[in-house]
Amino acid sequence: MSNIWIKKPMSAYEADIKKSQLKRVLGKWSLTAIGIGAIIGGGIFVLTGTGAYYHAGPALALSFVIAGIACVFAALCYSEFASILPVEGSAYAYAYGTIGEIFAWIIGWGLILEYAMGSMTVAVAWSGYFNKLLKMFGLHLPDFLTSDPFSYAGEGFSMNLPALLIVLFVISILVKGTEGASKANNFIVMLKVSAVIFVIIAGAFFILPENWTPFIPAPEMVKDGDVLKEAYGWKGIISGAAAIFFAYVGFDAVSTQAGEAINPKKDVPFAIVASLLICTILYILVSLVLTGMMHYSDFNPQGAYPDAIKAPVAYAFEIASKSQTGISHAITSGAGYIITIAATVGLISVLMVMIMGQSRIFLGMSKDGLIPKTFSIVDPKAGVPRKNLFILGGVISVVAAFTPINKLADMTSFGTLFAFTMVCVAVWILRKREPNLQRNFKVPALPVIATCGILINTYLIINLSWEAQTLSFSWLIIGMIVYFLYSKRNSKLQNGGFGETFKAEQEPLQEVDIDLEDKD
Numbered sequence: 001m002s003n004i005w006i007k008k009p010m011s012a013y014e015a016d017i018k019k020s021q022l023k024r025v026l027g028k029w030s031l032t033a034i035g036i037g038a039i040i041g042g043g044i045f046v047l048t049g050t051g052a053y054y055h056a057g058p059a060l061a062l063s064f065v066i067a068g069i070a071c072v073f074a075a076l077c078y079s080e081f082a083s084i085l086p087v088e089g090s091a092y093a094y095a096y097g098t099i100g101e102i103f104a105w106i107i108g109w110g111l112i113l114e115y116a117m118g119s120m121t122v123a124v125a126w127s128g129y130f131n132k133l134l135k136m137f138g139l140h141l142p143d144f145l146t147s148d149p150f151s152y153a154g155e156g157f158s159m160n161l162p163a164l165l166i167v168l169f170v171i172s173i174l175v176k177g178t179e180g181a182s183k184a185n186n187f188i189v190m191l192k193v194s195a196v197i198f199v200i201i202a203g204a205f206f207i208l209p210e211n212w213t214p215f216i217p218a219p220e221m222v223k224d225g226d227v228l229k230e231a232y233g234w235k236g237i238i239s240g241a242a243a244i245f246f247a248y249v250g251f252d253a254v255s256t257q258a259g260e261a262i263n264p265k266k267d268v269p270f271a272i273v274a275s276l277l278i279c280t281i282l283y284i285l286v287s288l289v290l291t292g293m294m295h296y297s298d299f300n301p302q303g304a305y306p307d308a309i310k311a312p313v314a315y316a317f318e319i320a321s322k323s324q325t326g327i328s329h330a331i332t333s334g335a336g337y338i339i340t341i342a343a344t345v346g347l348i349s350v351l352m353v354m355i356m357g358q359s360r361i362f363l364g365m366s367k368d369g370l371i372p373k374t375f376s377i378v379d380p381k382a383g384v385p386r387k388n389l390f391i392l393g394g395v396i397s398v399v400a401a402f403t404p405i406n407k408l409a410d411m412t413s414f415g416t417l418f419a420f421t422m423v424c425v426a427v428w429i430l431r432k433r434e435p436n437l438q439r440n441f442k443v444p445a446l447p448v449i450a451t452c453g454i455l456i457n458t459y460l461i462i463n464l465s466w467e468a469q470t471l472s473f474s475w476l477i478i479g480m481i482v483y484f485l486y487s488k489r490n491s492k493l494q495n496g497g498f499g500e501t502f503k504a505e506q507e508p509l510q511e512v513d514i515d516l517e518d519k520d
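Be aware that the sequence shown starts at 1, since it is given in this note's numbering, and climbs by one per residue.
Source of the hints: derived by calculation from the structure; they are not laboratory data.
In silico DSS-like cross-links for lysine-lysine, where the CA-CA straight-line distance does not exceed 27 Å: (1) K387 / K488; (2) K381 / K18; (3) K176 / K23; (4) K183 / K381; (5) K373 / K23; (6) K18 / K492; (7) K265 / K432; (8) K442 / K7; (9) K442 / K18; (10) K18 / K183; (11) K387 / K18; (12) K176 / K18; (13) K432 / K442; (14) K183 / K387; (15) K223 / K235; (16) K381 / K19; (17) K387 / K492; (18) K135 / K322; (19) K18 / K265; (20) K266 / K183; (21) K19 / K176; (22) K432 / K266; (23) K381 / K265; (24) K23 / K266; (25) K19 / K265; (26) K176 / K387; (27) K19 / K373; (28) K183 / K19; (29) K23 / K381.
For each label pair, taking beta carbons as the anchor points, the in silico distance ranges come out as: (30) E220 / D143: 28 to 34 Å; (31) F484 / T458: 21 to 27 Å; (32) I462 / P306: 28 to 34 Å; (33) Q21 / D226: 45 to 51 Å; (34) E210 / Q21: 55 to 61 Å; (35) V227 / G496: 48 to 54 Å.
In this text the structure is predicted, and so the values were computed from the model without any measurement. Where a beta carbon is used, it is the ideal one built from N, C-alpha and C, also for glycine.
Please construct the entire structure, taking both the sequences and the accompanying hints into account.
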């Protein structure tokens, strides 16, 4: 059993970098845009409604503050790792070289949960905004084609067809290459950040102070499907932070693209920190505006505005327009169109980044032999793992078409929190074991930062719903079974050291990535 802790040597990572078929086309601003592209969307356009109604009320802003603080500690640890190991795989790759294979596998398995569930959540959310957009133009899809079987009020077959189709559309973009996908993402990021700033400025004029009173509502039971759950109060603020946490996964997505960064040791840490800080500020401001415009109780999916929880920002402006006249009415009415269009387009970049991140994690795990070789085959022309992407697209699209959004979001948060906790542990261990490694970025006061990251992220895991915890721990148990039945037996390190993947020259890795001119 002792060999389950075998570590991947640094020379093996050097070999990976030399032999990589991925194309290094991403500069620091493209990487930052990838982070923002993943972060701005899921939280602002989707989870603000569920966070306000099921958890914190107007105090959702405090939930975003707590989640942001928890992310800062993890982001700093990610940044140090990225400056040491500029390879695809994110936290999985970091753990493999520092703690051991079993630990890396657990993190990798958790990241699969994080990215796959995150992609499905965003696909379902996109469907909500897309349907809202169609209705604005007088079009309407039948309910059985826009509802999963668990949410469908009618009888007979139902599926979320738009959620399925948007995943397939994104896959069609990603298989053509990273450079083209990055350009598309940059454009979409500019569009939706502009829309978010518009929401903050325009929405501020329609805030009703009474919607913030009380700012922290007294605890009460709310109905979530057929289950009653406690919401609001300080416990609701904490559970809200846990539930919305996956919205911050974007900076983790930056690290998954390190294998395609022009100057990864410098630019990846920059992009991680920059995207996190920018988006945390935007999240806080939007949540304040949203709960000021629309009372948190109105996000009830069984209330007067049942679709508001799927497209909360657009509905807030729509409701505000009903009580306005003249210019104010024109602004709020027009805002609904602007926000719905921006969210519908903007969520595409979130989905794009999350599927890209998932495919690169699979790529890293496959190269090490822990999952089938199919996932590490890179198309030489496009420079991306096309088979990997096609398989992912098939699975994500089908699950998104048949699963409710709230179940997906909570499980995604577990995967994110778990990975962040493990990175905080791993970077501390590596600092102790390998103090002389070159680090272009070092976490200041590492014992304090790492400890805070571990404690806060663990605490947020504890405050996830019981159902999410049960399903997520069941996922980890399944992962352990897969590891001992397949991954351990097929691991390249377990079967003869470096194996074919890690054959490389014995001379030190050339620092070719440091002096290249940034394409941005």
